[in-house]
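J.: Next come the chains, spelled out residue by residue.
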Amino acid sequence: MEVKKAQIVVDGVAIDIDRSNNVLAACLSARLDLPFFCWHPSLGSVGACRQCAVTVYKDDQDKVGQIVMACMTLATPGMIISLTDTKSHSVRQSVIELALTNHPHDCPVCEVGGDCHLQDMTVMTGHSVRHYDFRKRTHLNQELGPFIKHEMNRCISCYRCVRFYRDYADGTDFGVFGASRNVYFGRARDGALESEFAGNLIEVCPTGVFVDKPYAQRFVRKWDMRAMPSVCPHCAVGCNVTIQEREGEFRRASNRFNAAVNGYFLCDRGRFGIGFVNEPKLASSVRRDGLLVATNDAEARAHLVAILKSETVIGIGSPRASLESNFMLRTLVGPDRFYAGTSDHQWQIAAMAAKIIAEHGIPTASIVDVEAADCVLIIGDDPSDVAPRLALAVRQVAKVSASGTGAVVDLPDWHADARKTAQIFDKPSLFIATPLPTRLDALGADVMRGTAEQLTDMCAQIETVLISNSENDQAAELLSGRAASALRSAHRPVIIVGGNSAGANLLGLAANIIIALRNRGADARIIMLLPEVNSLGLALLQPKSLNELRSDPTIGRAPGYIVLENDFLRYLSEGALADIRGQEAKIAVLDHVETRTTQGADVTIRCANFIEAGGIVVSAEGRAQSWNQAIFSDEPVTPAWEILHEGGAAAELIASSGLRNQEAVLNLLAEQSAIFGACVGMVATGNDQAQPTPSLPFRYSGRTAVKAHIDVREAPPPPSSHPSWSASMEGARLHPDANIVPQFWAPGWNSSHALNQFQTSIGLSLRAGDEGVLLFPQDSELVRIERSPARTVSNDAIMFCEISPVFGGEALSARSAPIRERMGEAVVVVGNVLAKSFSIHDGAWVRCDIGGVSVVRKVLITQSIVENYCGITINVSDEPDLLLPHTGMITRITDEGRA
Amino acid sequence: MYVLTSLRSAWLTFKHLFHRTETVQYPEQMPYLAPRTRGRIVLTRDPDGHERCVSCYLCSAVCPCDCISLQRTSAPNQWQPEFFRINFSRCIFCGLCEEACPTSAIQLIPDFEMSEYNRQNLVYEKENLLIAGTGKVPEYNYYRVAGIDAFGKHKGEGPAERPPVDPRGLMP
Ligand code: SF4
Ligand code: SF4
Ligand code: SF4
Ligand code: SF4
Ligand code: FES
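Just so you know, the protein sequences line up as chains A and B, in that order. The working numbering puts the first residue of the first sequence at 1, with every later residue one more than the last. The working numbering puts the first residue of the second sequence at 1, with every later residue one more than the last.
Isolated chain B (complex conformation):
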């Protein structure tokens, strides 16, 4: 069984010797890249225009290269990054950060033209990562569905919330 599949793979590889050579005139001729292509990483905003990243640290935890680093602000009740840094000289564009992100803030986009002469320039800060729009996820607004007071959504104002209870009320 294993012998057969190995032989089949060897045969398929061997066949490539006789394929026609394809040359694409990049950059004059740009290849088609599907929207899900994993290229440059951006930080997006929610439909209300607020930064989506809540600095939950999940992307940095999941990153196999440990190339994301951030710090939440010290302002009480604010969940936004004080700094957010990606070292692209380490990133392998695996997309795990995008999958881990609970707010759809971090997204990989089809742009891959990021080469630099100086490696230091591959370190991107929040200013370099943040875009003006919602990216690939137009609707999602995490703050609307979370339970905390944030960006003008007070307790009980979310679409799936009842108004705050009165602890002194005696009704069941």
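Okay, chain A solo, but in the shape it has when bound:
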């Protein structure tokens, strides 16, 4: 993007502007204090609240000027404006006084007090005395589900919530009711907000109307919580989050801006799923013949050493454990005995994704690239479930394309209302080709339903058309033809591809389209949908698949298994399980949550979860980002790699001194595989900071009383695990130019809007630089992927494909209480033709027999699904893996049969 620099004069001082932006954004970028409510960096301007009034002067001679709304005024070079003149100042003061006429006297009992944009703006305008002497308007609250608490009295009618919920996230069950001063923001009736992005209302609303409910139940003020940057552990998008805790107890997760990844928004799986860390954790234990014989950590670790000493040890890696832990396990057992703890199908997809990025040099797209794309093709799976934040970005494509290709050109992208109108004239350049219905179908996209074979053919056709450069007239009726011609004229196309339903093959074919497009000169990029936070990181370590483990007779006699943070028994059939059991192998599991595997294991060892110790994970984009220790309890928990290192040293597999810290582990990894070189720098201890950055806010209270009931003498603060951070309040104070920012706060900016002060320019990267490093150069040579023979499926069998729901679809979120409440019923999605032939109706109960496993599901009938395909929701907590996609059978059952 070209940034044209020019300057405007604000109160006699010249500031730089990005010519395409408005005066408000320009002032905030220059770190000037100008109050606002309805403008939001991502939602744009509508000029509704009248809070951002400034005076504009015609020229030097003009002493009167005129009041304009800064957010609705394009910043033009040479403009002269004033923020400090009495006129605009008094306008801003009276506007906020009006907004507060009905505002309740709630700050002490308001969850956002101290973290409130309205408070900040009130102080900024200097308003202090209320002249309105009448009674206040009141509102009844609604029950909005387990995520969000509603306190409608606090609303100042800025309309940000509806603009986010309806216009940005395309939610339909929330809106504005009433008229004039009585407007009400809520649902038609009580009930959980349906959009999986509803949690963003908490941060979008400038007041305390929408409150994080789980946080409100363990409430402390913002200034009383430690804050640390981290990465959401719930999917491979790798959104950045700020983790806040007090006294060793996790309190809340909120969005952490990363210009290249999540921007200003998170999904609810991330925001509320992280609560799993407060649920009961795995305890270290030793079992003999199924009976518990020890429950202490030392004994469990001694058993781990014994297993490591035995001749052949199999290591099962994990897509939800850090790179360090997986690599340490691989080092101990050897690359030949290092297996991926995922189903074979998932292994194939992840391995293919790793190959495409690492060996074939295909550039990946970030969320920003998706939002800026002029053509998006979704193949195989619905990103709404697997990568929710990505789906939110796709939703913007449908809107953004209005300016690029449509009737209205030259519309500034912050001009929200005008753009909304412009959408009417335009059809988004969005193509969807999947077997199952997607939630993005409704965006006005061009949709095709196809079997795995049809999808692979389609991809090959698109590639051929693009290479041959021919306008294939017959193809115009097919999606492949339309997509090909749209892709051909696109400058920044993005292909989102998932192999869950149609196989890993599809990823390679999509990559070939990218190559064809790039050869034509377009900046084409790919996003591959992967299920877990470190799926790509694990795949890059090249584990073998469990299938190989099953079929290898020599390994069948392995006496020991070490399973890393993984429910690995889920992926083994009863037979394979019996095999392992039969040969009296010992299974040791390192994990932090209880799973079926930990229950069946001989040794369980409690290791740190993602907020108890640091680690690096690689997102599907190929971006390495770090988890940081965010919780400091009296008994620190060791990360898995450290436990393994200790065990390996005791078993004399590795030198005890070698891999003491993260940096040493990553150094060794980088030596073995150069792609990880950039990771070393992320944890390098030799930082140039004179002092560590404190992770506690400077107004952290109660330090001399919080533990005084145990001992009146104060204990020293916990040690920090990393030299860049201090676990106490000591160290160099937070500064907008600091290179490490635990949380965003600036004088006068107590709410999350303080972020403005830390960005290079509104909406762009942090001054400190965006978190994470892309591991792969985005300009390497492209190598075409050879198409492997497709699977053949007999035509009359029913093909089951996986639906991994937003809530509870991956390994950890289902463990968080509010997420559990929002998990829908397990369903099987059946086409109406198939339903008729089985004479089942919507809502009926059926048994699905899929490859030896039978599960019970409720039927959901859809019009839009490819013939003989069914979608089935998976249940990661209570059922074995269904080895999807797989053929199977549906049988109707009665209610009694269900029980």
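Each hint should be verified, as a subset may be incorrect.
Claimed, not checked - With a Cα cut of at most 30 angstroms, we get these calculated DSS-like pairs of lysine-lysine:
id, chain 1, residue 1, chain 2, residue 2
1, B, Lys126, A, Lys707
2, B, Lys155, A, Lys136
3, A, Lys213, B, Lys155
4, B, Lys153, A, Lys213
Rather than coming from a laboratory, the hints here were simulated on the basis of the structure.
Using the hints provided, position chain B with the ligands relative to the given structure of chain A.
T.: Frame of chain A; chain B with the ligands shown alone:
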């Protein structure tokens, strides 16, 4: 100028050498302590008898010694402390907590006889701090003027509130 005031201070201090010595027979003879004397801290109740503290965390934030610690209950919509602890071995009786308190819950009273042999006994919990009455502020009842539903005051029932609006009504 500065020299003069310094000399004046020195002179005033010097004069004290010749003052009559005052001895008060404490504790037989109790000194008069004005009601605003900053001594032992109590948590008071509102005129309806409810705990006044809404656990807003302002006293703990303002305390220069960081000797107040509390946690709000987890019960939804209840703003009361689950625990409220003051470590009096750290308190300097500055009274800032009282000034910060928006509900007049925390108050400093003239009692100063709090000595203990064991420092641990200077840690006071909510049970030790809570008194039965309203303390120095007899009238104030925060819940009556706040906008939330609390202690039987529902939306629109406060003295300065109109009844809740009907969002489906069409009247302006
Ligand atoms: S929304 Fe802000 S100003 Fe309003 S009561 Fe809550 S903290 Fe106070
Ligand atoms: S609920 Fe919040 S975001 Fe919505 S209009 Fe009211 S103040 Fe604005
Ligand atoms: S689950 Fe995925 S999309 Fe949602 S917040 Fe986490 S990383 Fe982002
Ligand atoms: S009187 Fe001062 S030192 Fe004592 S608790 Fe109150 S604020 Fe803290
Ligand atoms: S922010 Fe400019 S009018 Fe609301």
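J.: Now look at each hint and say whether the structure bears it out.
T.: Here is how each hint holds up against the structure:
| no. | hint | result |
| --- | --- | --- |
| 1 | Lys126(B) x Lys707(A) | holds, 15 angstroms |
| 2 | Lys155(B) x Lys136(A) | holds, 11 angstroms |
| 3 | Lys213(A) x Lys155(B) | holds, 20 angstroms |
| 4 | Lys153(B) x Lys213(A) | holds, 22 angstroms |
Hint violations for this structure: none, all hints satisfied.
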